[in-house]
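J.: Take a look at the letters that make up each chain.
Number of protein chains: 6
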Amino acid sequence: MYELGIVRRNIARAERAAVEKLSAFGVATVHEALGRVGLMKPYMRPIYAGAQVAGTAVTVLLHPGDNWMLHVAAEMIQPGDVVVAACTADCEDGFFGELLATSFRARGAVALIIDGGVRDVRDLTAMRFPVWSRAISAKGTIKATLGSVNIPVVCAGALVNPGDVIVADDDGVVVVPAALAAKTAEAAAAREASEAQKREQLAAGVLGLDMYKMREPLAKAGLRYVD
Amino acid sequence: MYELGIVRRNIARAERAAVEKLSAFGVATVHEALGRVGLMKPYMRPIYAGAQVAGTAVTVLLHPGDNWMLHVAAEMIQPGDVVVAACTADCEDGFFGELLATSFRARGAVALIIDGGVRDVRDLTAMRFPVWSRAISAKGTIKATLGSVNIPVVCAGALVNPGDVIVADDDGVVVVPAALAAKTAEAAAAREASEAQKREQLAAGVLGLDMYKMREPLAKAGLRYVD
Amino acid sequence: MYELGIVRRNIARAERAAVEKLSAFGVATVHEALGRVGLMKPYMRPIYAGAQVAGTAVTVLLHPGDNWMLHVAAEMIQPGDVVVAACTADCEDGFFGELLATSFRARGAVALIIDGGVRDVRDLTAMRFPVWSRAISAKGTIKATLGSVNIPVVCAGALVNPGDVIVADDDGVVVVPAALAAKTAEAAAAREASEAQKREQLAAGVLGLDMYKMREPLAKAGLRYVD
Amino acid sequence: MYELGIVRRNIARAERAAVEKLSAFGVATVHEALGRVGLMKPYMRPIYAGAQVAGTAVTVLLHPGDNWMLHVAAEMIQPGDVVVAACTADCEDGFFGELLATSFRARGAVALIIDGGVRDVRDLTAMRFPVWSRAISAKGTIKATLGSVNIPVVCAGALVNPGDVIVADDDGVVVVPAALAAKTAEAAAAREASEAQKREQLAAGVLGLDMYKMREPLAKAGLRYVD
Amino acid sequence: MYELGIVRRNIARAERAAVEKLSAFGVATVHEALGRVGLMKPYMRPIYAGAQVAGTAVTVLLHPGDNWMLHVAAEMIQPGDVVVAACTADCEDGFFGELLATSFRARGAVALIIDGGVRDVRDLTAMRFPVWSRAISAKGTIKATLGSVNIPVVCAGALVNPGDVIVADDDGVVVVPAALAAKTAEAAAAREASEAQKREQLAAGVLGLDMYKMREPLAKAGLRYVD
Amino acid sequence: MYELGIVRRNIARAERAAVEKLSAFGVATVHEALGRVGLMKPYMRPIYAGAQVAGTAVTVLLHPGDNWMLHVAAEMIQPGDVVVAACTADCEDGFFGELLATSFRARGAVALIIDGGVRDVRDLTAMRFPVWSRAISAKGTIKATLGSVNIPVVCAGALVNPGDVIVADDDGVVVVPAALAAKTAEAAAAREASEAQKREQLAAGVLGLDMYKMREPLAKAGLRYVD
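Chains as they are written, first to last, in numbering that gives the first Met the number 0: chain R, 0 to 226; chain W, 0 to 226; chain L, 0 to 226; chain F, 0 to 226; chain A, 0 to 226; chain Y, 0 to 226.
Don't read these hints as lab results, they were simulated from the structure.
Each hint should be verified, as a subset may be incorrect.
Identical chains blur together in the list; that is why a pair holds if it fits in one copy or across any two.
[To be verified] For lysine-lysine, the following DSS-like pairs were computed, each having C-alpha atoms within a straight-line distance of at most 27 Å:
#, residue 1, residue 2
1, LYS197, LYS142
2, LYS197, LYS182
3, LYS219, LYS182
4, LYS40, LYS20
5, LYS142, LYS212
6, LYS142, LYS182
7, LYS20, LYS182
8, LYS142, LYS219
9, LYS142, LYS20
10, LYS182, LYS40
11, LYS20, LYS197
12, LYS20, LYS219
13, LYS40, LYS212
14, LYS197, LYS212
15, LYS40, LYS219
Isolated chain R (complex conformation) (with noise of 0.2 Å):
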């Protein structure tokens, strides 16, 4: 967070396994899995819809308007790693396009997470390289400020560690700690298990309100019925 002009070469990725059992997961289950914590904000949209990625952080501090660092961060890129990039203030600049897709495909890249703009989302759609951001802008960067890659950013309201775990989806990004993926990954499966029932009761019209035990509380908490 606080080295300008860093480039961290080893970084302390999630155990791929792990990050194998979370891709099976919806960001949503993660996030419950995990405690309900570690969300992006959810201004954080994918630019075409359907696209779920897990894969293992490599992060990016940009500056505005400036997109030098995505550069770096491409040789640090190892396969199935998603490239997390926070910026130092608000921008909507396009930062990405569909050459550095193309670049961060190469090297086994999965997604790009970026709190700033993206552009050629046509394209990009087309590659089917998933990205979400805050905004889409045609808007191109200049190259002349240091960054750094791979330490510690905030990126859309949430800290991301390199090598922590991406999970994203249509509801958002969800970030978790690489040492606790395995853990989340078994909690996020027993909780899967458990919706699968209560869909099945919801679905033959048992109300939440019996199946959760919710009316004896709610009338604790002195809700009343009223014709």
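Assemble chains W, L, F, A and Y onto chain R, guided by the hints.
T.: Frame of chain R; chains W, L, F, A and Y shown alone:
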């Protein structure tokens, strides 16, 4: 509006026949037919394109970060209802997801209108359960505070009384008071009939200036043509 | 900018040949070719994905909640024009819908760019009449106040003179002054040619760091690699 | 809400005695006394700090960019009234300035609450005519479209019926239904009395944890203290 | 608008006499006198209340996060100028602070209008150097990219040509084209004279309805009074 | 960040001497001294002008609409602390008012930084208890959900660890990591010394262009002066 902790069991729903008539028209038409009032703010957007619904309102007042009352509302749903959820303060949390949608649908609800966030949007889209919301967010909510069900609420800037007709499509959401439903449906039909004629003329190249006889009032207002 | 109640009949449109050349390029490319100026704000979004247009601007200055001048503008449209509507104050009302689109298309318009709201988006999508707007709203407007047609306007932060070339796609909207249209088209073509080569290299795994020879300037700027 | 072009002459104002009692309390206290409902959105800000008013609502429904109905409303003002102006769509134009304030004051109005913009704020401040608004804007408005006066309106997210009590200060604006005014004033007085005692204890260093007996419920909820 | 890297040395400033006349009027009055055009967006706010200035524009085009051109602009300032800074993309960084204000003032500048952020607002307030800006931010900027000085710019939605008159007060900022300065000052004076009479009548309790003879047009438009 | 329901009793506060040194500098200076990082978003504004504080952070993680943890935090306050409250989702409710301020002050707190709303701002101003917040709102909150105290939080986009130094003034809020406090204070002092010399030159009419020797790099970058 001013009673927390209340669930009204019996509400006067708009007549089914009027609701069905209204379901044939788009929101823009209904809004015009109603006299250009009753629209929710344009930040209310459908989670997927192409949905169009009309139904009777079951209203809910939520607190930020708390979806307890949606479970209470489920029991009040009758076939053909649209659940309309307001919140005591702006909040983009994901109050509603696929499990609640399963329950609402089992009860007969045809849509949710919520001045808050929703999650599981991929699942909701797959289920074709339409939702109009102010945000999409994976963030879960708690069940701790009493709001109310079936009281008048202000949702996205529009007053909604239980039983009012809700019409929603890609253009947004409009509220038709139950007492005006039949009359509004008639006005909408008349409007649509008149639009068909206009459309034909405009498609043939006739100008609105001539068709609507605007040249004289424009000249009177002082419009000048220059070369 | 400073004349209300004026309609300019004769405007100098950019040459058709230049417009056609520009129509082959995306907004991001044109914006770069023009020297990174002339973009509208990124809040201007297409009502459906995949549209791409280039045309000559017929400009309109509206007042909030009043679409009278769009009818006046219709008469000024020539085949290949794009109507560009600015507003004297921020307003998200639905100034434009399917009837006006029918009329505009009959006159030869290929798109609408409006710093306001539009409605009937399902119909507009079905008609494939592309619109870039700041909002979608079912709210209708009145016909009471004189604005102007074919004067210079500021639309979504960009100055547009009548006759300028408008290029729009999923990335947004860019304005090319009529006098620069041919030159910009050439620059865009050159840029695109050079990008094809770069794309190939990047896809083969060459790093931008090497391809753009960034390593030396980065080191000079003080970038440090750590383990 | 659903009648345009209507001016209601006779409205049932809250009793003067209750309004006067309410005028002794801040908005936060009244809002609590009312059961935590009835607040306008926090974007409603006073044009100068330190104003505090309580009065009975004369309501106005405006259209974007049109302040005609404010002139109509002036005639309906009685001494002690607060004019509450809603708008059919979000609009930041300057609907109100020093001339209208002079007129409103001559009729006995004590404040304006407007979900729109105002201008002449230096003059209004010098006159000490308090206004709570969503914006400050020098932009003038026209007089062309009928809204209504003294119908129920939704202003900044709150339902206001003519005659309701409006209480406003630096914290915002709250609406007290006329029928609840006396009871709310009593509850506010009780609350304020109880707060005086609490304030003394807290100032002496007693913790809210102890004063409100929160330690047990916190422990029950699972709060853990670690070193 | 379309030339980056340009500094225009000689600009045609509005006549000093006209500027001085305009300095006697508030922004709302000037905006009306100009025909209700030329206003910047209402998000432009003064950093302290009570400032009022009129001066001739020296324009600057900045890039996000880069204030290099403000230093270039300093040399172009002549006594009585107002520096007007636009940015190629929305950015709230603190482009300007107390040191630059010291320099600008030494050159004779009377104010800064910036579609971006400023810092050192306490010092600027103590110096009584007035600034209208979109934000306050302590964040510093770099000096790396060429913009331009004294080209036409769009600042907060308004076109500003070098030499135009800028009038700013608590209500916002208005731009008067140099060629219209004298005429606008006259119209403003006439308007203010007429307002003095109206103010007196309104203060005496005369209604705008009668003074402006609105009763007949309102009745014609269909306004109905009910009890 | 990832532990809910935790209160950390012992935190390593930055050294008092460093905090005192930092208290002599404005936020803009400290932010520069720290290397242009660590700023909170500019939407964080003081509730009254002129406050300036430096203190050590006691951190709190809140849930939307729930201020329970502020009471828990009160017990952790030591003289000279600044309470920094983050929220798991954007919420503008009034989490804090005059009673809590009384309690915080009794414990020795010198300010509150809250990514949410506050109320009783007139009383807080009268008490001179400074608060930087994202909103002012009279809306009260509940006490139902466990957050945490003294864990790392992201507040208004900045990472804050318990014990870090918070510096806040009219320009905003900056976070100095405890370990960097002394060094940052030195850098700030050096910067301020150098600024005094520059200020004198600029006030005498020397241009930044010359003082900072920018003419050559500007020419190299291609800046052209035209008449």
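J.: Would you mind marking each hint as holding or not holding in the structure?
T.: Hints, one by one, checked against the model:
no.: 1; hint: LYS197 / LYS142; verdict: between (53 Å within a copy, 17 Å between copies)
no.: 2; hint: LYS197 / LYS182; verdict: within (23 Å within a copy, 43 Å between copies)
no.: 3; hint: LYS219 / LYS182; verdict: between (36 Å within a copy, 25 Å between copies)
no.: 4; hint: LYS40 / LYS20; verdict: within (24 Å within a copy, 36 Å between copies)
no.: 5; hint: LYS142 / LYS212; verdict: between (59 Å within a copy, 12 Å between copies)
no.: 6; hint: LYS142 / LYS182; verdict: between (40 Å within a copy, 25 Å between copies)
no.: 7; hint: LYS20 / LYS182; verdict: within (10 Å within a copy, 44 Å between copies)
no.: 8; hint: LYS142 / LYS219; verdict: between (62 Å within a copy, 13 Å between copies)
no.: 9; hint: LYS142 / LYS20; verdict: neither (38 Å within a copy, 29 Å between copies)
no.: 10; hint: LYS182 / LYS40; verdict: within (24 Å within a copy, 33 Å between copies)
no.: 11; hint: LYS20 / LYS197; verdict: within (22 Å within a copy, 36 Å between copies)
no.: 12; hint: LYS20 / LYS219; verdict: neither (41 Å within a copy, 34 Å between copies)
no.: 13; hint: LYS40 / LYS212; verdict: neither (32 Å within a copy, 35 Å between copies)
no.: 14; hint: LYS197 / LYS212; verdict: within (13 Å within a copy, 37 Å between copies)
no.: 15; hint: LYS40 / LYS219; verdict: neither (35 Å within a copy, 31 Å between copies)
Checked against the numbered hints given earlier, the structure breaks hints 9, 12, 13 and 15 and satisfies all the rest.
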